[in-house]
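Sequences listed follow chains A and S, in order. Numbering that gives the first Met the number 0 numbers the first residue of the first sequence as 0 and each following residue consecutively. Numbering that gives the first Met the number 0 numbers the first residue of the second sequence as 0 and each following residue consecutively.
These are computed hints drawn from the structure, not numbers from a lab. One or more hints might be untrue.
Residues of chain A placed beyond 12 angstroms of chain S at every Cβ, according to the derived structure [said to hold, decoys possible]:
hint, residue
1, T4
2, I6
3, D92
4, L95
5, R96
6, V97
Interface residues of chain S toward chain A, partial, derived using beta-carbon atoms under 10 angstroms [as the list claims (entries may be wrong)]:
hint, residue
7, A35
8, A39
9, A47
10, A50
11, S51
12, A55
13, M60
14, W77
15, F79
16, F90
17, D93
18, L121
19, I124
Heads up, the beta-carbon is just placed ideally off N, CA and C, and yes, glycines get one too.
Residue-level listing of the chains:
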Amino acid sequence: MGSGTGIGRVRGLGSAKHGSHHWLIQRMTALGNLVLLLWFIFSLVRLPGFDHGTVVAWLSSPLAAVPMMLLIVSVFWHLRIGMQVMIEDYVHDDALRVLSIVLLNFYAIGGAALGVFSIARIAFGGAPA
Amino acid sequence: MTRNPKRPLSPHLGIWRWGPAMAVSILHRVTGNGLAVVGALAFVWWLAAAASGPEAYETFMSWATWWPGYVVAIGLTWAFFQHLFSGLRHFVLDTGAGYELQSNKLWSLGIFAAAIFATIGLWLIILGKGL
Chain A
0 MGSGTGIGRV RGLGSAKHGS HHWLIQRMTA LGNLVLLLWF IFSLVRLPGF
50 DHGTVVAWLS SPLAAVPMML LIVSVFWHLR IGMQVMIEDY VHDDALRVLS
100 IVLLNFYAIG GAALGVFSIA RIAFGGAPA
Chain S
0 MTRNPKRPLS PHLGIWRWGP AMAVSILHRV TGNGLAVVGA LAFVWWLAAA
50 ASGPEAYETF MSWATWWPGY VVAIGLTWAF FQHLFSGLRH FVLDTGAGYE
100 LQSNKLWSLG IFAAAIFATI GLWLIILGKG L
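Chain A extracted, bound-state conformation (with noise of 0.2 angstroms):
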């Protein structure tokens, strides 16, 4: 508890325990969200077609490839928060909170590192064509 300042009594009793921090990261990532996903969509729009031989060679481009791998990040990481906001307002049990939050990381952090290997094996020449 603070020294009597408003601030001071206010501090940590968010439902997350954490101040702004999270409020800030959900602010970066959704702008790093629209920058890039608006990217994406203009890309795809861009393409000839969708067929597997056309994705890949444009995953093969570093300036594609690198927007992607950032993309995943910052989506993964904006949805890892925003769950998270959900889960703590609406899961009262303790113990059930806890694990939900658990298991929404592994889901978070494992969904991410799928999409990012699997843009760097296409980047890299090893996606079997």
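Using the hints, position chain S against chain A.
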């Protein structure tokens, strides 16, 4: 945590009616969590299939181009644009602007319209490519 029972809870849980602002607000959470599960899984499936080779990619595409696949894809597109425009609204609200009743209602309605128009526009382009 103790609460003074003489004070009302905010937002009040029993007395409310639907309005554009609250609809946008709850849809932000619904679309966000829908995208986080269905959208993210479909996205990673697409990438993993592309990295695994033409056969795995063909399996993904056969699901994606079956009619329920289109329903999911168009639904995800709408959810994405709804969440995007609603998120932009949150950036404006974060600055302390846009809380006047009339402008809040107007922007909330505008988000529904923008999300629907963007979804239709993007799918007209995609289908127009004849895939």
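Problem set entry | Numbers of unmet hints, in rising order | Checked against the structure, the only hint that fails is number 14, while the rest are satisfied.
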